[in-house]
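A.B. asks: Sequence:
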Amino acid sequence: MAIAPRPFSREFLATDTLAAARALIGARIARGSGPSACVGRIVEVEAYIGQEDLACHARFGYTKRNAVMFGPPGAAYVYLVYGMYHCLNVVTEAAGRPAAVLIRAVEPVLGASEMRAARLRAALGRSPRMEADAVARTRRRIETLPAAALASGPGLVCAAFSIDRHDDGRDLCDEGSDLRLELSDADEQLAVETGPRIGIDYAPEPWRGRPWRFYVPGNRAASGIPAK
DNA sequence: GCAAAGATTTGCT
DNA sequence: GCAAATCTTTGCC
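For the first sequence, our numbering assigns the number -19 to the initial residue and increments by one for each residue that follows.
Quick caveat, the hints were computed from the structure, so don't treat them as lab data.
Beta carbons: idealized from backbone N, C-alpha and C, even for Gly.
Errors might be hidden in some of the hints.
Here are the simulated EDC-like cross-link-like pairs (lysine to aspartate or glutamate), alpha carbons at most 20 Å apart as the crow flies [said to hold, decoys possible]:
| # | residue 1 | residue 2 |
| --- | --- | --- |
| 1 | K44 | D154 |
| 2 | K44 | D151 |
| 3 | K44 | E32 |
| 4 | K44 | D148 |
Cβ-Cβ distance ranges computed for the label pairs, FRET-style [as the list claims (entries may be wrong)]:
| # | residue 1 | residue 2 | range |
| --- | --- | --- | --- |
| 5 | F(-8) | A112 | 48 to 54 Å |
| 6 | G41 | F(-8) | 22 to 28 Å |
| 7 | G175 | E123 | 28 to 34 Å |
| 8 | V61 | G175 | 17 to 23 Å |
| 9 | P108 | G76 | 38 to 44 Å |
| 10 | D144 | G14 | 19 to 25 Å |
| 11 | Y42 | D167 | 35 to 41 Å |
| 12 | V61 | Q31 | 18 to 24 Å |
| 13 | Y62 | H146 | 18 to 24 Å |
| 14 | E173 | L104 | 18 to 24 Å |
| 15 | G14 | R45 | 32 to 38 Å |
| 16 | F(-8) | D144 | 40 to 46 Å |
| 17 | G179 | G41 | 20 to 26 Å |
From just these sequences and the hints, can you work out the full model?
C.D. replies: Rendered as structure tokens:
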């Protein structure tokens, strides 16, 4: 019999974003319930902390897009990047202080076939006018992906779990939520390494070099690191 | 009001 | 290894 998961502690998210980021490694993200439920283990995250962090979306202050980051901890901050992909963050620290942890990669635990179907829906939905042979190529590519590659990037996590801006502001610490964070006693402690955040070349030092990316070394789902 | 760039992924050279 | 795809948000005129 399976051990019942418990919701991720909001009080813990409320204090220190770097500690929260580290603790989120190995935690689970869950979507839905019953036979179509999807569950994954978080294996890569990044911390974005406050208006002073010039890599953080809050660096321009309060805006319509980043409003949720200024709210209470435990909420989902979901935004659209590059006009096509969504990114999921977990809001941290007390209300009024904008900080969050970006979920960069997840290892499928349950519902991999559901995630694959969601990836396909996302890919085809993005380009509605794709030619028939392009559709076939895309379908073949996604159908042959190893399970570990289904959510191995921030945009892919959202595609696999069908996360979009409808989920912006959702409470991830509520066990009744359709999208939520969970801890399971069945999970062993994972090794964690740190490094600079990815894709923030626009940020000046010291922010660009801050080792605020946390990941499980050698994990296949987390290994999608740009070559540069 | 308009131009520019972005916490990415994919496909082609 | 590089550039395109795509659209919201930001920043300047």
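A.B. asks: Now, for every hint given, state plainly whether the structure supports it.
C.D. replies: Hint-by-hint comparison with the structure:
| no. | hint | verdict |
| --- | --- | --- |
| 1 | K44 with D154 | 24 Å, violated |
| 2 | K44 with D151 | 18 Å, holds |
| 3 | K44 with E32 | 19 Å, holds |
| 4 | K44 with D148 | 12 Å, holds |
| 5 | F(-8) with A112: 48 to 54 Å | 50 Å, holds |
| 6 | G41 with F(-8): 22 to 28 Å | 27 Å, holds |
| 7 | G175 with E123: 28 to 34 Å | 32 Å, holds |
| 8 | V61 with G175: 17 to 23 Å | 20 Å, holds |
| 9 | P108 with G76: 38 to 44 Å | 41 Å, holds |
| 10 | D144 with G14: 19 to 25 Å | 21 Å, holds |
| 11 | Y42 with D167: 35 to 41 Å | 36 Å, holds |
| 12 | V61 with Q31: 18 to 24 Å | 20 Å, holds |
| 13 | Y62 with H146: 18 to 24 Å | 19 Å, holds |
| 14 | E173 with L104: 18 to 24 Å | 36 Å, violated |
| 15 | G14 with R45: 32 to 38 Å | 33 Å, holds |
| 16 | F(-8) with D144: 40 to 46 Å | 27 Å, violated |
| 17 | G179 with G41: 20 to 26 Å | 22 Å, holds |
Checked against the numbered hints listed earlier, the structure breaks hints 1, 14, 16; every other hint is satisfied.
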